[in-house]
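Use the sequences and the hints to build the structure in full.
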Amino acid sequence: MELDDLKSTWNTAEPLAKTNSEIVIMMKENKHPVLKGIKRQMIIEVTFWIAFLACYYTMFDGASRPVHINVVLAVSVLIPILHNLYGYHMAKHLVVGESLTASLKKYIHRIKKYAASTILSRIVFVTGLMVFFSYTIQFNMARYYSLAAIILICIVQLFLLYKIWEKRIKNLNNILDMLST
Amino acid sequence: MKKEHEQKHDQVLEAEFLSLIRTHNGMIHKVCRMYRDGIEDREDLFQEITFQLWKSFSSFKGDSKVSTWLYRVALNTAISSFRKKKPLISFTGVLPDLAEEQPNEEYELRQELLFKALKQLNDSEKALITLYLEDLSYLQIAEIIGITENNVGVKINRIKSKIQTALNK
Chain W
1 MELDDLKSTW NTAEPLAKTN SEIVIMMKEN KHPVLKGIKR QMIIEVTFWI AFLACYYTMF
61 DGASRPVHIN VVLAVSVLIP ILHNLYGYHM AKHLVVGESL TASLKKYIHR IKKYAASTIL
121 SRIVFVTGLM VFFSYTIQFN MARYYSLAAI ILICIVQLFL LYKIWEKRIK NLNNILDMLS
181 T
Chain B
1 MKKEHEQKHD QVLEAEFLSL IRTHNGMIHK VCRMYRDGIE DREDLFQEIT FQLWKSFSSF
61 KGDSKVSTWL YRVALNTAIS SFRKKKPLIS FTGVLPDLAE EQPNEEYELR QELLFKALKQ
121 LNDSEKALIT LYLEDLSYLQ IAEIIGITEN NVGVKINRIK SKIQTALNK
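Quick note, the sequences are listed as chains W and B, same order.
Heads up, the first sequence is in UniProt numbering, so the first residue is 1 and it goes up one at a time.
Heads up, the second sequence is in UniProt numbering, so the first residue is 1 and it goes up one at a time.
To be clear, the hints were calculated from the coordinates, so they are not data collected in a lab.
Among the hints, a few may not be true.
List time: in silico DMTMM-like cross-link candidates among lysine to aspartate or glutamate, alpha-carbon distance up to 25 angstroms [what the hints assert, rightly or not]: (1) LYS160(B) to ASP5(W); (2) LYS65(B) to ASP41(B); (3) LYS28(W) to ASP41(B); (4) LYS119(B) to GLU40(B); (5) LYS106(W) to GLU125(B); (6) LYS167(W) to ASP44(B); (7) LYS92(W) to GLU29(W); (8) LYS160(B) to GLU108(B); (9) LYS31(W) to GLU6(B); (10) LYS92(W) to GLU108(B); (11) LYS18(W) to GLU14(B); (12) LYS39(W) to ASP44(B); (13) LYS116(B) to ASP5(W); (14) LYS170(W) to GLU125(B); (15) LYS92(W) to ASP37(B); (16) LYS31(W) to GLU14(B); (17) LYS7(W) to ASP123(B); (18) LYS170(W) to ASP41(B).
This one's a predicted model, so the numbers in the text were calculated from it and none came from an experiment.
Quick look at the structure:
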């Protein structure tokens, strides 16, 4: 095929048209593939944490721990939920800008903030849980080793999370560079 | 409850939007085919683009042409939205009815060759060549991308030679 034939071949690539009812479904927020996934995840997490908070006071000795430790637990659970809401908002508003490059610039700026908040909320969550559950533990050498192993696993997970976001941001920056230079 | 005139306005808006999507159905499909590999991924992207267009449709002030706005949102969504990691094998769920429709082999082959060559481009080149193949002027492309007309010309020439090389292989 010659280069001149490109446009004519492109123009003949006409797929089956969508019906009105199919398009109407696609316009709905609750049918959106990504938003639906985030919403489902939020419902599962909120249900789990409500169940946890409802029984932690008696089952996990919440009553015997000081108020500030209970507050740490509540905050560490609340922050990831708020972070999910932030993610939902981000996925809903993908395009903001007068041109493709302007919109990409804004999107990269927002996604950098989102990536940082993802890692931060994970740190807050893990730290909060560890503070709560280790508060009454009497530490000996074996327990210190166990704690060190848990911390190490968490650090590796955070590093992997950071690498995933770094790759995605780098990819978007490359697209922006190639478009604008 | 919504007032009657508001409901009427929403209905008019929805009807206008549906007609717009039907008119540009082919372009959206081609963008999906360029940026995604599997059938399911393409359908998801089509839905994402439709959703983003609908969300900004009521606030679209008409400062630019509808088509310019549409291309900008479609390409932006294709580049920015997350890609699912899935196995490359996909099932359609229904068996094709061979007796119903025999595809034109030459036509299929040409399209296959075209999209195979286009898939070798990076995401920024795909955006530019889509607009070029949609027969937009360099000025319109420059407006959508947000670069100068000269820069568009240079980039398009570079992409064309890249495609030519791919087609000659």
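Given hint GLU125(B) paired with LYS106(W) - CA-CA distance at most 25 angstroms: Cα-Cα ~20 angstroms, so holds.
Pair hint LYS92(W) and GLU29(W), alpha-carbon separation not exceeding 25 angstroms: 9 angstroms, holds
Hint consistency between LYS92(W) and GLU108(B) [alpha-carbon to alpha-carbon, up to 25 angstroms]: 36 angstroms, violated
Pair hint LYS31(W) and GLU6(B), alpha-carbon separation not exceeding 25 angstroms: 24 angstroms, holds
Given pair status - ASP44(B), LYS167(W), alpha carbons within 25 angstroms: 23 angstroms, holds
Given pair status - GLU14(B), LYS31(W), alpha carbons within 25 angstroms: Roughly 17 angstroms separates the two Cα atoms, so the pair holds.
Satisfaction of hint between ASP41(B) and LYS65(B), Cα-Cα up to 25 angstroms: This hinted pair is violated, its Cα atoms lying about 29 angstroms apart.
Hint consistency between LYS119(B) and GLU40(B) [alpha-carbon to alpha-carbon, up to 25 angstroms]: 17 angstroms, holds
Pairwise hint evaluation, ASP123(B) against LYS7(W), where the allowed Cα distance is 25 angstroms at most: 19 angstroms, holds
Hint consistency between LYS160(B) and ASP5(W) [alpha-carbon to alpha-carbon, up to 25 angstroms]: The given pair, whose Cα atoms are some 12 angstroms apart, holds under the 25 angstroms limit.
Hint consistency between LYS28(W) and ASP41(B) [alpha-carbon to alpha-carbon, up to 25 angstroms]: 18 angstroms, holds
Straight-line alpha-carbon gap LYS170(W) to GLU125(B), limit 25 angstroms: 17 angstroms, holds
Going down the numbered hints, you'll see the structure goes against 2 and 10, while the others check out.
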